[in-house]
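In order, the protein sequence lines correspond to chains A and B.
Quick note: the first sequence uses our numbering, first residue 117, plus one each step.
Quick note: the second sequence uses our numbering, first residue 56, plus one each step.
Possibly wrong hints are sitting among the right ones.
Partial selection, computed: residues in chain B whose CB lies under 7 angstroms from chain A [unchecked claim]: (1) P206; (2) V208; (3) E213; (4) T214; (5) N215; (6) T240; (7) T242; (8) L243; (9) L244; (10) P246; (11) I252; (12) A253; (13) Q257; (14) N258; (15) N260.
Here are the simulated EDC-like cross-link-like pairs (lysine to aspartate or glutamate), alpha carbons at most 20 angstroms apart as the crow flies [stated by the list, open to error]: (16) B:K343 / B:E157; (17) B:K235 / A:D176; (18) B:K235 / A:E175; (19) B:K319 / B:E157; (20) A:K222 / A:E211; (21) B:K144 / B:D231.
Per the computed footprint, the stretches of chain A lying under chain B, defined by three or more beta-carbons under 8 angstroms from a beta-carbon of chain B, are [said to hold, decoys possible]: (22) 237-250; (23) 337-346; (24) 352-358; (25) 367-377.
If you're looking for bench data, these hints aren't it; they were derived computationally from the structure.
We put the CB at the ideal spot given by N, CA and C, even for glycine.
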Amino acid sequence: MEKSLNWREFVVTRAIKASGYSAIVFVLLIFVFLMREGLPALSEVDAGNLFSLRWYPIEDLFGILPLITGSLIVTFGAALIAVPFGIGTAIYISEIAPRWMREILKPLVELLGGLPSVVLGFLGILIVSPNLRILLDLPTGLTAFTGSLLLGGIAVPTVVSVAEDALDSVPRAYREGAWALGATKWQTIWRVTLPAAKSGVLTAIMLGVGRAIGETMTVMMVTGNAPVLATSLGSLFSPVRTMTATIAAEMGEVANGSVHYHTLFLIGIILFLISLTVNVIASSVVFRAKKRAERILS
Amino acid sequence: MKRVLTFYFLFSFILISCGTPSTDSNSPAQYIENKGSDTIVNLALAWAERYQSERPDVRISVTGGGSGTGIAALINGTVDLANASRQIKEEEIAEAQSKGIEPLEHIIARDAIAVIVNPDNPVSQLTLQQIADIYSGVITNWSEVGGEDRPIVKLSRETNSGTHVYFLETVLRLGDSENKTLFSTDTLLLPSSEGIIAEVRQNPNAIGYDGLGYVPHDLKMIAIAEEAGGAYVLPAIETVNDKTYPIARDLYMYTNGEATGVTKAYLDWILSSEAQEIVAELGFVPVK
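Excised from the complex, chain B in its bound form:
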């Protein structure tokens, strides 16, 4: 009996020493693999950089590639954290479960797009449908949406921007994947947020869109109603977080089951106010 107990203790001791990684701060031994959405990649990089400067014993490798890539890597078990700008699909969950992986969702930030006009423009609210009609070229004059008799100059980001694609899917196509509406050809495609802001600032004909966090205070944001007759909602941290503002989405990180160890510590830190401040700095909306 005694021998059995000794064996038991010895065995469990070996197990424990294997389970606890060395916490020698001189040799970084703890790695976190983080991969996925290109929308989130800059945010994830900023987080990783800050976290590593506070915890030199942790190494975080961040790569982009798209939400699908990140989730696929999680399913294959090659990453600890998958970034996604969309929710995981049913079939992805099924595939993950068949490989013994339980994807667990964490909302780490929110992304909202503000529609902006010149402060001299009397129009201050539009429905989602009206914005779609403006950008697809059905409505071409501000007088059709209650403004002055002026032509509408539509500004957009370039087609390679994630914001462009999100705006196309959520606003122009109203979230319907069968809908094949395109931006009207006379939409100005500007290479930078600054270009859009500069043009809206000086041109009363212009309408543009940009990440909520990037919009300067001297421009006018449009209150948006999801449907005609619905309430018009201005974009703000509160309206994005209570989901009343229609052009906003959650940004996710997925883990395999409940996060443990260093990954859990990192995820907890991401939801701390310090990390959420970085969210705001990069033009996204903090979750709290």
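The following block holds chain A by itself, in its conformation from the complex:
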């Protein structure tokens, strides 16, 4: 009996350990693969071409700057929408809503998170973009902003569910202390609960941003895919082409091993580095916030 238990223990712990390490192995393998396929582009395409403003692969013009700014501006717009809405919803669900409301709202928000992005893309093409064009008097409704609106919609559930968990785990004693000092409900939320849940809320924002920048199908359908360099916030209301949409639209037809193929992988590397940066910033912020909290509490 004892022996078999030990044996089982051994297998289970090893299996868990292996699955833990597998994540590292997979990330490394993907990284090596990306590097192997993408780095040759740096020697095949000269820097002047790579940093030019024209992306037109069938004539060997590989300017990636418009694609990078395109992705950044769409993601920035999405964050502008997802952060206030997501955190607002999380605060409402966790702090204000009555219990029955909470039990309806939370599953609904999570359901929204499960919506396939291609469905959102259809919604964007047929409803959001035509109305946006009329409402804002734009030449076309297929703009970065349309993409941002829908990506905001995609990121909101992520932000809500992570931020709500963080707010929920703030000890009740914190709020009671604030109320006892005569703080209003709003003062309690803004000055006590939210700061106490800061690290979780920041993680929520970063996860939401990460979700938005990697999203492909919706942006490919609604942003117009015109590789124009986004130079100011005004570009939010004109068509852009994102890195993800470029890879998705062109990878299917490209000749394996060609310059175009390697350049698409180079874009993949850049995308990978951007999300890596976002994640590193997020975890360093969380780490610092935790340390500070430990200092205060001890």
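Given the coordinates of chain A, assemble chain B onto it according to the supplied hints.
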């Protein structure tokens, strides 16, 4: 003498039995190799599928790769039918003849591109040059071509689409291979025909293009003149077939000399009304 005659008959009998393939319908014995243009590959596949369901004794293998690939395979004698969206070049004919191959051209369908705008747009005709100027960003407002004072929103297929390349060569560069005009960067590149049609349907600023057969009836097609002062022609099966509509091309199949046997039967069937109906279904223009 008699022996000679007997020999002669015996010999010719052997020859004939070698020449006629077995027509046992249970074992498919007749193969047609069909290769070439990616523009035609879907059409060729649809034809092959239908033909094989009617003639189970025939096997047709269809592959793409591009017009050049198909013609090269014909020259090397590895295919019976080469698909091409362009005419065979002089040097290709010369190369083929040096290998004892006589490429014979068959026009099997036509491909026309319609330029479409929103029905509320008052502009109904443009010259080829004007369309080129619109797409290359020289003309940016509809008022410059006789329309309302509205910005022009240019829609195109993605760069990997054959239609995109054909439009670039025929319209933007006006068929001149020295011309290096490009699409203006603010041209919207949409991944599907449906995307272009949806945007043109609801946006009066938009201009787009698509295969003639794909354009729905509620959109407005532009009549196009090849040169300023020329006649404006609307795209239609008749104007494409009598070559008055400028953005159209023939699609070809090439055989080595006059087709024979099962290949000839297949080619004849391709030009039948049944096969030409499939042409229309796939957005191309039937040859008759």
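Each hint, compared with the structure:
| no. | hint | in the structure |
| --- | --- | --- |
| 1 | P206 | 4 angstroms, holds |
| 2 | V208 | 4 angstroms, holds |
| 3 | E213 | 5 angstroms, holds |
| 4 | T214 | 5 angstroms, holds |
| 5 | N215 | 4 angstroms, holds |
| 6 | T240 | 5 angstroms, holds |
| 7 | T242 | 6 angstroms, holds |
| 8 | L243 | 4 angstroms, holds |
| 9 | L244 | 4 angstroms, holds |
| 10 | P246 | 5 angstroms, holds |
| 11 | I252 | 11 angstroms, violated |
| 12 | A253 | 5 angstroms, holds |
| 13 | Q257 | 4 angstroms, holds |
| 14 | N258 | 6 angstroms, holds |
| 15 | N260 | 5 angstroms, holds |
| 16 | B:K343 / B:E157 | 26 angstroms, violated |
| 17 | B:K235 / A:D176 | 13 angstroms, holds |
| 18 | B:K235 / A:E175 | 9 angstroms, holds |
| 19 | B:K319 / B:E157 | 15 angstroms, holds |
| 20 | A:K222 / A:E211 | 13 angstroms, holds |
| 21 | B:K144 / B:D231 | 16 angstroms, holds |
| 22 | 237-250 | holds (count 5) |
| 23 | 337-346 | holds (count 6) |
| 24 | 352-358 | holds (count 3) |
| 25 | 367-377 | holds (count 3) |
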